[in-house]
Amino acid sequence: MIIHVNFLPKPGDTGASEVIASLAGLLDQGRLDGEVLSRLRLHLDWLQYKANFREPITVRHATGARGEPTALAELAIDVRRARPERLGDELAHAIASVGAVEHEVAGRAVLEDWAPLSRSAIWQFNRLFWQRLVDWERQTGRGFEAALPSGRSDANHPAAVADAVADFWTLLVELDKRGQLPQEIFALEIGVGPGTRAGLWLDRFKALDEARATGFYPRLRFLLADYSMPTLDRAHRAVEAHRDVVSTIATDALNPMRALSFLRYKILYVHLTNVYDNLPVDELVRRDGQLYLVETRAYLPEPASTAIAQAFGVGPSEQPATVGRLLEAGPDLFGDRERGVAFWRAVWDGVCLEERLRRLEGIADVPLPPGLDGTDLEELLTTAPADIRFHLSGGAVESFMNTVPLLHPRGYLQVQDIFVATMDEYRQGFRGPGKLDGSVVNWVNGPLLRVVGARAGYDVHFAPFRYRPGSRTTILYTTLRE
Amino acid sequence: MAGQHLTTAVVGSYSMPGWLERAKNDYLRRRITAHDLDEMHDTAVKAAIKDQEVAGIDIVSDGELRRDNMIDYFAMRLPGVEIDRTSKTSYYDFYESVVRGRMPMAPLGLVEHYRFLRRFTDHRTKVSVTGPHSLVKRIRNEHYPSEEAFAMEIARIMNLELRELVRAGAEQIQIDEPYYSGFPEDLPWGVRAVNALVENVDARLSLHVCYGNRYGKPSWEGSYRYLFPAILEARIDQVTLEFARRGSEDLRLFKEFDAPFTLGLGVIDVKTHDVETPAVVAERIREALAILPTERLSVNPDCGLLHLPREIAFAKLCAMVEGTQLVRREISG
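If you're matching them up, the sequences are chains A and B in order. The first sequence begins at 2 in this note's numbering and counts up one residue at a time. The second sequence begins at 3 in this note's numbering and counts up one residue at a time.
Quick caveat, the hints were computed from the structure, so don't treat them as lab data. C-beta atoms are modelled at their ideal positions from N, C-alpha and C, and glycine is treated no differently. Hints are supplied without guarantee of correctness; some may be wrong.
Straight-line alpha carbon distances no greater than 25 Å define the calculated DSS-like cross-link-like pairs of lysine-lysine that follow [unchecked claim]:
1) 11(A) / 51(A)
2) 178(A) / 219(B)
3) 178(A) / 139(B)
4) 219(B) / 267(A)
5) 139(B) / 219(B)
Here are a few chain A residues that sit away from chain B, every Cβ distance over 12 Å (derived from the structure) [as the list claims (entries may be wrong)]:
6) 34
7) 82
8) 98
9) 116
10) 117
11) 250
12) 429
13) 430
Facing chain A, according to a computed beta carbon distance under 7 Å, are these residues of chain B, among others [claimed, not checked]:
14) 24
15) 217
16) 219
Model the full structure from these sequences, guided by the hints.
Here's what the structure looks like:
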């Protein structure tokens, strides 16, 4: 057995010793199958998201490229949640299931078929959340930003916004000096939240412009873009004071070009906060030099399935179809929206992802997002640790590649989000997916965006968010690659 | 026949195959030999020539597929330019290059590549060279007292090479100066450098000015108005400009100024994968014909096709030729 410690433990807050002790106890008792043990990899994780898609102990089987069984198997333990008093039995049970012919776990309500993570139903839940945000918030009684770890969004930090405005204003002055400032000054915010940041930004920009008498504000065309109309409506109300320079536009963050192609090469500033971490990803795993794609299927564990059956009268066998209707039709599926939202929340609270690893025969079999070349991924992997599980942040890459064509030749993109800065960091902590209120959250593969950016003619940089101590936010910004 | 004046040409570069990009990078990393890369270059150039011929282009190029980019191909050949060969890991990046002393006279070796092109086509051909202004914007100058002096020295050296090209049979030579658009204040000396470059070069000379095509996107935006009237002093036969992406508004400059040269009209947007229809191309030509007579107009893409996938580049060239033929037929009745 190979033991992977996938986090940097802080003294006193790890259950790693209990896990190891339990394993040693099982060995001493002769309760472990030697054949299974010889090919098993044990992963000790620390899942920092209190709400996530993993049970404390999970088994991952591996298959060959055509789905045939292979020797590799992984046992993953969230040491944060594993209960020491039951660890021995649960480990023995999990390890026994590794060697079992039948991998189905009794009592689970499986909600979908196996598919790569990016095609999981959790993204339909995510979309539903943003589309029906008002219904969700009405029942929970709190805004979605309250679910953030700090209780508020770094997007709205006044000093950060002031610096962002100052940088932009400086660019405008430089362009103006050279006679290259367009008559209309386009700025774009994608993923607008409640509109707080846009409001702060516009207030600050107007004040600066008036103080310096530069006359830029009346030429500003500030676009609020989001795929959720309720969100756009709310954001627009927040910037009411700037209605003459603000427009809203329904836009898919994955492809802003679709709605905004008429602004190709015209936008001087594009900003996104906490959008990339909410876009579909895949995960790749490399073990013994072999690449695997993580496939998942959503399920309700037995306790959640039973509780839902009791509370809503939807039995385990009916749950997959009922959840399917929820994801298609929204929370009005019972003809009672309150009950529908409650069902939605209960399912979301309970839903987990079963995982398996499907071997890829080579780089050419990786489901690469547009803009990423196989050789780029190959180069990235040459600098990555040999044994690694990492995000193929396809949604972020797709969004990036479909956003930069909008940039004016001197324009830039700024993204506030949670980024992994080096591939090594994937071995130093859990990077998602997690649940944030009703949405999905994932760290974003920064090195991947660096590679993609270079190919598109941009150097991609990452700066720590220095405005709030302890913040996990990083600011990505682009500069023109000459 | 009047319609024959609407000759079709490429601006220079043709679609870079992915496999050749990988090979160029492998060569940088010493994974393949120069000999292997040369063979691949030869193969890619032959394919590029064939594509242009099949598309029906009148004046073809070698697709510039041997070049890493528009600067390094010349920086590595110009005598006296020191190159830091560790300074890039991707072929398309620019080397760090510097001139620290007076540049000696020496051949650049462009003739050999021209002869290769000539050997594999019966069509008329074009050779493109990066102009002195653009070169001095990327090669660091630690010797000459000014950018203009540096550019004039480069022009003096490259002038000999252009004459060698003519001796080898080159009939059409194009000078690429995209950096004019980024530094319009340099134009007076930029034009003087071009004039020094083409002095006594007995070929049809064109000057290509665009708004940049680095990574397939523009480097600057603006109007060609900055070119006038300084550009009128350039001793060239043709200026080749981009209009498809930017619109035809600047065509009126040719009405406003009595230019002594013809216009190479950009009718293909090289920064989008959307393939123009022949009808769109024809309409773009007709707009120009409202201002310039046919004998002062030829037809080309906005810029090089380097960043387009091959099938898109080929389809665009076919559309360009078909659109031109539509107008030729209209003119010839």
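These are the hints, each one checked on the structure:
In summary, the hint linking residue 11(A) to residue 51(A) is supported, as the alpha carbons are separated by about 17 Å, within the 25 Å threshold. For the given pair, residue 178(A) sits about 23 Å from residue 219(B) by alpha-carbon distance, which is consistent with the 25 Å threshold. Proposed proximity of residue 178(A) and residue 139(B) is supported: the alpha carbons are some 20 Å apart, at most 25 Å. Between residue 219(B) and residue 267(A) the alpha-carbon distance is near 12 Å, which keeps this suggested pair within the 25 Å criterion.
As the CA atoms of residue 139(B) and residue 219(B) are separated by approximately 18 Å, the hinted pair is consistent with the 25 Å bound. At the 12 Å boundary, the C-beta of residue 34(A) stays outside the reach of chain B, the nearest C-beta of that chain being 45 Å off. With a cut of 12 Å on Cβ distances, residue 82(A) stays outside the contact zone with chain B, its closest approach being about 44 Å. Interface exclusion of residue 98(A) from chain B stands, the closest Cβ pair being 44 Å apart, more than 12 Å.
Even its closest Cβ contact with chain B, about 29 Å, leaves residue 116(A) beyond 12 Å, as expected for a residue assigned away from the interface. Distance to chain B confirms residue 117(A) as a non-interface residue, since its nearest Cβ pair spans about 24 Å, more than 12 Å. Non-interface status of residue 250(A) relative to chain B is upheld: no Cβ of that chain comes within 12 Å, the nearest being about 21 Å off. Residue placement check: residue 429(A) keeps its beta carbon more than 12 Å from all beta carbons of chain B (closest about 26 Å).
With a closest Cβ-Cβ approach of about 29 Å to chain B, residue 430(A) is found to remain outside the 12 Å limit, as its non-interface label requires. For residue 24(B), the interface hint holds, since its Cβ comes within 7 Å of a Cβ in chain A; the closest pair sits about 6 Å apart. Annotation: interface hint on residue 217(B) holds; nearest CB of chain A at approximately 3 Å, less than 7 Å. The criterion of a C-beta within 7 Å of any C-beta in chain A is met by residue 219(B), whose closest approach is roughly 6 Å, and the hint holds.
In terms of the numbered hints stated before, the structure departs from none.
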